[in-house]
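Can you make the complete structure from the sequences, with help from the hints?
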Amino acid sequence: MAPKRAAASADGPRAKAPKMPQLKTLTSSNKEELVKLIGVLCRKFPEVRREVQGFSPTVPLEAMLKEIQRAAAMINKKLPWDRYGRGNGDTYAYNRVRSFISAFGKVLQAHLKTVEVSGQEDKIEEFLHTCYSLVLDMHTFNDPKHNGTQSRLKTSLEKVAKKYDVQLGEGSDISDTDDASQGGLALDA
1 MAPKRAAASA DGPRAKAPKM PQLKTLTSSN KEELVKLIGV LCRKFPEVRR
51 EVQGFSPTVP LEAMLKEIQR AAAMINKKLP WDRYGRGNGD TYAYNRVRSF
101 ISAFGKVLQA HLKTVEVSGQ EDKIEEFLHT CYSLVLDMHT FNDPKHNGTQ
151 SRLKTSLEKV AKKYDVQLGE GSDISDTDDA SQGGLALDA
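For the sequence shown, position 16 matches number 16 in full-length UniProt numbering, and the numbering has no gaps at all.
You may find that some hints are simply not true.
Keeping only pairs whose Cα atoms sit at most 20 Å apart, straight-line, the calculated PhoX-like set for lysine-lysine is [what the hints assert, rightly or not]:
| no. | residue 1 | residue 2 |
| --- | --- | --- |
| 1 | K123 | K113 |
| 2 | K123 | K162 |
| 3 | K159 | K113 |
| 4 | K113 | K162 |
Distance windows between CB atoms, simulated [what the hints assert, rightly or not]:
| no. | residue 1 | residue 2 | range |
| --- | --- | --- | --- |
| 5 | Q69 | K159 | 39 to 45 Å |
| 6 | W81 | T140 | 14 to 20 Å |
| 7 | A103 | E32 | 55 to 61 Å |
| 8 | K162 | G39 | 28 to 34 Å |
| 9 | S151 | Q69 | 18 to 24 Å |
| 10 | R98 | K36 | 30 to 36 Å |
| 11 | T140 | L41 | 52 to 58 Å |
| 12 | K106 | L79 | 15 to 21 Å |
| 13 | T140 | K113 | 24 to 30 Å |
| 14 | P80 | P144 | 19 to 25 Å |
| 15 | V35 | A63 | 25 to 31 Å |
| 16 | A103 | S133 | 14 to 20 Å |
| 17 | L37 | D122 | 18 to 24 Å |
| 18 | A103 | P60 | 15 to 21 Å |
Keep in mind that the hints were calculated from the coordinates and are not lab data.
Don't be surprised by glycine CBs; every beta carbon is placed ideally from N, CA and C.
As structure tokens, then:
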């Protein structure tokens, strides 16, 4: 019997890929093991450390804030025209902008998670201040259940601010302001 010949192609006989046992070991590793490996390499070799520092991600904060501000502007833009001076606090107005309020909430929550995971405290602080002012400036409706998204966003921003010890400004702590602490003014009215 004659030996088998390699299959011929246009470039000649097919070349076999070299075996790399190290690559097999790395592909079966999980994320934690790979992070530890990179940490060890960075400690042992300064040139690797310099290369890895170039890959540290920066959060595109300006683009995120611009997208959130655009979503907040859509809420005010889509409110119906105020006829007869009755205001835009009714259910009709809420139903007209409900989808825009939901979109604003989703965008803000998604970007809040991204910024929080990044761990860059200066970016977190700037993000919190800008978003908190946008949430406070949201249109308020007469029915409290229509303002649920606003209160949820406010609470989540305050939670992250407390975690990173960031002062959000006036009225950032809900528990400190109640009617009893204001000297009974709410009862006299």
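Consistency of the hints with the structure:
| no. | hint | in the structure |
| --- | --- | --- |
| 1 | K123 <-> K113 | holds (12 Å) |
| 2 | K123 <-> K162 | holds (15 Å) |
| 3 | K159 <-> K113 | holds (12 Å) |
| 4 | K113 <-> K162 | holds (15 Å) |
| 5 | Q69 <-> K159: 39 to 45 Å | violated (22 Å) |
| 6 | W81 <-> T140: 14 to 20 Å | holds (18 Å) |
| 7 | A103 <-> E32: 55 to 61 Å | violated (36 Å) |
| 8 | K162 <-> G39: 28 to 34 Å | holds (30 Å) |
| 9 | S151 <-> Q69: 18 to 24 Å | holds (20 Å) |
| 10 | R98 <-> K36: 30 to 36 Å | violated (47 Å) |
| 11 | T140 <-> L41: 52 to 58 Å | holds (54 Å) |
| 12 | K106 <-> L79: 15 to 21 Å | holds (19 Å) |
| 13 | T140 <-> K113: 24 to 30 Å | holds (26 Å) |
| 14 | P80 <-> P144: 19 to 25 Å | holds (20 Å) |
| 15 | V35 <-> A63: 25 to 31 Å | holds (27 Å) |
| 16 | A103 <-> S133: 14 to 20 Å | holds (19 Å) |
| 17 | L37 <-> D122: 18 to 24 Å | violated (30 Å) |
| 18 | A103 <-> P60: 15 to 21 Å | holds (19 Å) |
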